[in-house]
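Participant: Per the numbering used here, the very first residue in the sequence shown carries number 400; after that it's consecutive.
Keep in mind the hints are simulated off the structure, nothing from the lab. Since the model is a prediction, treat every value here as computed from it, not as a measurement. The beta carbon of each residue, even a glycine, is placed where N, CA and C say it ideally should be. Hints are supplied without guarantee of correctness; some may be wrong.
To be verified - Estimated spans, in silico, between C-beta atoms of each pair:
(1) R1210 - P1285: 37 to 43 angstroms
(2) E614 - R1066: 41 to 47 angstroms
(3) E485 - R1063: 37 to 43 angstroms
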Amino acid sequence: MRSFDLPVAAALPALRDALDDSGTAVLAAPPGTGKTTLVPPALAETGRRVIVAEPRRLAARAAARRMAWMLGEPVGERIGYAIRGERRPGSAVEVVTTGLLLQRLQHDPDVRADVVILDECHERHLDADTALAFLLDIRAALRPDLGLIAASATAGTAAWARLLGGAPVVTADAAVHPVETIWTPPPRPVRPPHGLSVDPALLDHVARTVRRALEEGDGDVLCFLPGVRELGRVAGALGGLEVLQLHGRAPAEVQEAALRPREGGARRVVLATSVAESSLTVPGVRAVVDSGLSREPRVDHARGLGALATVRSSRATADQRAGRAGREAPGRVYRCWSAAEHDRLPEQPRAEIELADLTGFALQAACWGDPDAAGLALLDPPPPAALRAARATLRAIGAVDNAGRATERGREMARVGVHPRLARALIDGAAHVGERAAEVVALLSDDRRTGDDDLVAQWRARRHDGSFRDEARRLRRALPRDAAASDGAVASGGAVASHTGASGSAAASRMSASGGAEASPGRRPSGGASASGGAGTSGDAATSRAKVSGDAGTSGGAAASRMSAPGGAGASRGQGASGGAGASRAGVSGDAGTSGGAAASRMSASGGAGASGAAGRSGGVRAPGPDDETAAGIVVALAFPERVARARDGGYLMASGTAAVPERGSRLTGSGWLAIAVADRPAGAPSARIRQAVPIDEETARLAVGASVEEEVVWRDGDVVARRVERLGAIELGAVPLDDPRPELVRAALREGLRREGLGLLSWTRDAETLRARLAFCHRALGPPWPAMDDDALLTSLDLASAARDRAGLRRLDVAAALRGLLPWECAARLDDVAPERVTVPSGSRIRIDYTGERPVLAAKLQELFGWQEAPRVAGVPLVVHLLSPAGRPAAVTADLASFWREGYRSVRAELRGRYPRHPWPEDPATAEPTRRTNTRRRG
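With the hints as constraints, model all of the structure from the sequences given.
Facilitator: Printed below as a string of structure tokens:
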């Protein structure tokens, strides 16, 4: 091995000792110390076989080549690498991507290595976190001799050490060259990043800053930007310079040129995404220009929309980027923001597991035998809502059963090595469009985006791209030989173990369940899909619906026949479990469309899928038949059935219920139906924005989503509307009146009408209002079982069965009888005793009690209460007495009559005696005779 004076060399003895003593270690080594390229071959010299897991393909390939160069030999001897679609085996060290490592662990938990190094674990990629959890299971159950090293470029290592069971932390100090920070905010305010949008004014400022960096110093310039589109924009503004664009999908020759030392010639500008932040060394760099932007995943689980979002970089990310300028010599970093803004940035980037679509992770966990991920040693647990959404999506596509266990179909999807949605589209789509499904899935899995939202145009433009063709070939090879869809009901890897025992036995149970080394003989090995995806469900509180039938590929004529037939419940066939983003409304089916639909017939006629059997059950990949637009539409619709959309009011309505609009001037505008591949919904926006889609027809929409016929009984436009409706999720295809709706649906619609328009829809007679007030008082004074009488309670409890099926029926309802029907028998028998409607006063009159206030009120003429020392009580509550003048006007209010006769009566007598001389005003009302008459009438 060539001699290199790298800082990490001083830490090698301590790292070897840690592996010998505990088998685990955390290596903290800043960028440029040699942790990626020096440690693996150094450990291999001790006789250990080493696997290094890198988060990116570019870093894996570059690290292997660097190590082989250090050993003075080509890649493929002692040093090898393996990335998706490409492998150069090595005898001592193999560098792999974390996604590929996950697939290997699912296939063979024995690992076939002595030490596994998880590099750049501080970046908190979901695949890396998952791989470490699986490796800890393997170490506990199968390979206690397996060495594990978590390598981090930052000093925050305590959590990793705890996760590894108290592993020792080995630190390598870097001989850091000084880096001068130059703050270069734009001269004028720019719009903050929004979704994938970056203000062109900021990018122009970045380009000017790159030119300034070239003018103010020597060496090459490394510029960090959030994505490929921004790389292209800035490169276009740097005409006349030698510019290299470094990103994960860049051609191999461009990647090699960027990582190769410059030998004379013009100075270079390397425009890079996050791939160059830590694990790669771009030689010759003396200046870094940082745009201050990064990309993070964002998922709207309720609508099933996920995309990358442009965000402000964290301070830790900014420090990582700045360090690239000081790897070889003193350097400069130009930060395109102010020092004050820097202080307000978040300290660390968020872990991917907190942000990402977790569908791929959930499938990995299910294949591993731990569907809930409860037994996995993760630094951060998956958010429960995101995990539930992910599992719902997996159930919808038949990848897991109702208990969350992986089905054989799910294991086939995992082996494909792409997002489970895309794996489903590949497997099921191949039966309809042939091997071209692999090309469409390759396009959908490519994160490079052009300005064109027409997916077919992008597909045709990409066909000559070498990396695109390589990925399409890999996906064709990944197709199951028979392209068979499983029934999605039986887990193929054995029962999921209960994680109640010791860690070793629990891990061993998971190993067995995953179909790995301990799986039953002859079981087909399983792989792993990297990354993640999920979506929520949607509902309609204002609508009461009962699903009558679901038919995933039914032609319009058949559906119309079902709708016109009384009771119209067609037989359900081929309909998988539904779930995921809007799946409860979109009718997502695990079988990708049953036979009999017009689309299936069209495919058969054109040489595509036959007309019988669900997608993938036809016995293999068929010859391609449909045109590009039809083929792309079928595959996209199968991948994202909840995003199948129909034109509506100048935009589109997706099957999930979300509105969407194309970009202004889009060629997609005017299409009756779309299969939307990429959409995002800006915060506060009423509609999602369509980023990538393909026009389809209604038959293709039916094939992917599955039509359902529902009885819909709703309150609309002030009355009950009952229809039999054919839908694709939230998209209404047609409706006919429903003459005999189900009573429970009618009642629910009537309650919704009362909720919207109020209880005033009912006929409230005086008796009904009085009874309601009496019952409300009893509930306040005595509590249950006396029923509550507030609006919310009555909306729930009133029996509407006797009402007709419409607004007029509500008006005819006997409200008083309905209120009495709410009383338990023991309350009904006591009502007149507990809260009498009237009370007899000393004059002999029966006076109505007013129960509408907080306390019951008795309003009576003062003369009728002479001699009454105390007002009666109702339900233990004393009546409040309103003493009225002879004209019936309030004269006094009291709850203590005896006190009023003694103290208050004199002033009332003095005030009213002259006004009402014909009425008695005795000196002592407590002993006077009560009367309803005047003095004259009494004498007569």
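Participant: Please test the hint of 37 to 43 angstroms on the beta carbon pair from E485 and R1063.
Facilitator: holds, 41 angstroms
Participant: Is the distance from the Cβ of E614 to the Cβ of R1066 consistent with 41 to 47 angstroms?
Facilitator: Holds, at about 43 angstroms.
Participant: Just tell me: holds or violated, for the beta carbon distance of R1210 and P1285 against 37 to 43 angstroms?
Facilitator: Once the Cβ atoms are compared, 41 angstroms apart, the range 37 to 43 angstroms for P1285 and R1210 holds.
In this structure, every one of the numbered hints holds.
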